[in-house]
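Chemist: Protein chains in written order, with this note's numbering: chain A, 250 to 479; chain B, 241 to 358.
Hints are not guaranteed to be accurate.
Calculated pairs, BS3-like style, for lysine-lysine (alpha carbon to alpha carbon, straight line, at most 25 Å) [claimed, not checked]:
1. B:LYS340 x B:LYS357
2. A:LYS252 x B:LYS357
3. B:LYS345 x B:LYS357
4. B:LYS357 x B:LYS344
5. B:LYS345 x A:LYS252
Think of the hints as simulated: they come from the structure by calculation, not from any bench.
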Amino acid sequence: MVKRLIALALLAVFGAVFATLLLGYTPDSELNLTARYYAERTAAELGAANIVTAIVVTYRGLDTLGEVTVLFLAAAIVGLVLANSRPGQARERAPVGELLTTGTRFLVPMILLLGVYVFVNGHLTPGGGFQGGAIIASAVLLMLLANPLRHFSHNLIAAIESLAGLFYVTLGLAGLFLAGGFLDNRILPLGNLGELISAGAIPVIYSLIGLKVGAEFSSMLASLAETEEL
Amino acid sequence: MAYLAMATGFLLILIGFYGALTNRNLLRMIVAFTIADTGVNIVIVAIGYMRGRTAPILDSTVSAAAAVQRIIDPVPQALVLTAIVIGLGVTALMLAYAYKLYEKKRTLDIARFTELKG
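Bound conformation, chain A alone (with noise of 0.2 Å):
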């Protein structure tokens, strides 16, 4: 009882804080100055014709790639704690049902089709590597779902997530010695504004980041997956 008007008080605290920064917000009417520069020079200088991506993946391209490096050590970690709790032998299960079997074996494909156009497009239209790879690792939970005790080569995922980490680096170490920088998308030409084959290496390096997450979440759904019933 105590504990919970504690947790009570602390929680209106925090409500005060919240409610004077919601009062006192007043909206901008113009972008600021970053974003001011973002949105003037990304078409000239990149050739992106979504904003977002070419902030993500090009103009913070170093924060990014420290990103995917947070994901992979997520996923490493999830792999090493979990690794000691690997099953002896599968417990038998009640079949999961005709519907879902059916459903999974029509709908995974499309998944992963929707996936790959996800992060193709990512330099176009609303979307990008890490939601492509999101999708993609979706279908991994929805075969999960279909046969639990289906089993992922382990070997096979990490092989994809290392040679799309390795092209990811190279392209961008090829930024140095070809453009201006390290991650620097213009080692390739920029191409129309809003066509599929345009904003040079952002559809490569997106789509090395949406195999590389697609790899780093089916892992982690893997490796839980993986793990005995207590």
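Got chain A; can you put chain B on it based on the hints?
Modeler: Here is chain B on its own, set in the frame of chain A:
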């Protein structure tokens, strides 16, 4: 509209904190943290919103020249993109640790983990 979204975000943060502070089950605490996480993301996106403007994507309706007058702030969106992905990684880590703790003690009640009590 921005105020509504922002208020929702702050409310979600408070709900998440309340859940994390009052629940003693580890899984419930993890769920509460993800709710607070979502709240933070909504607040950040709401800050970037500007009335009467459109998404920061150039196409036939938003030309590159008019972009400064027509689009909302793209920076918070890029930030939230990062935050969502990292949030998912953190959630997966918390779940893995919760599994390990359960394996050790056969309970998810946080009050039973007393090793660090003086």
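Chemist: If any of the earlier hints don't hold here, list their numbers in rising order.
Modeler: none
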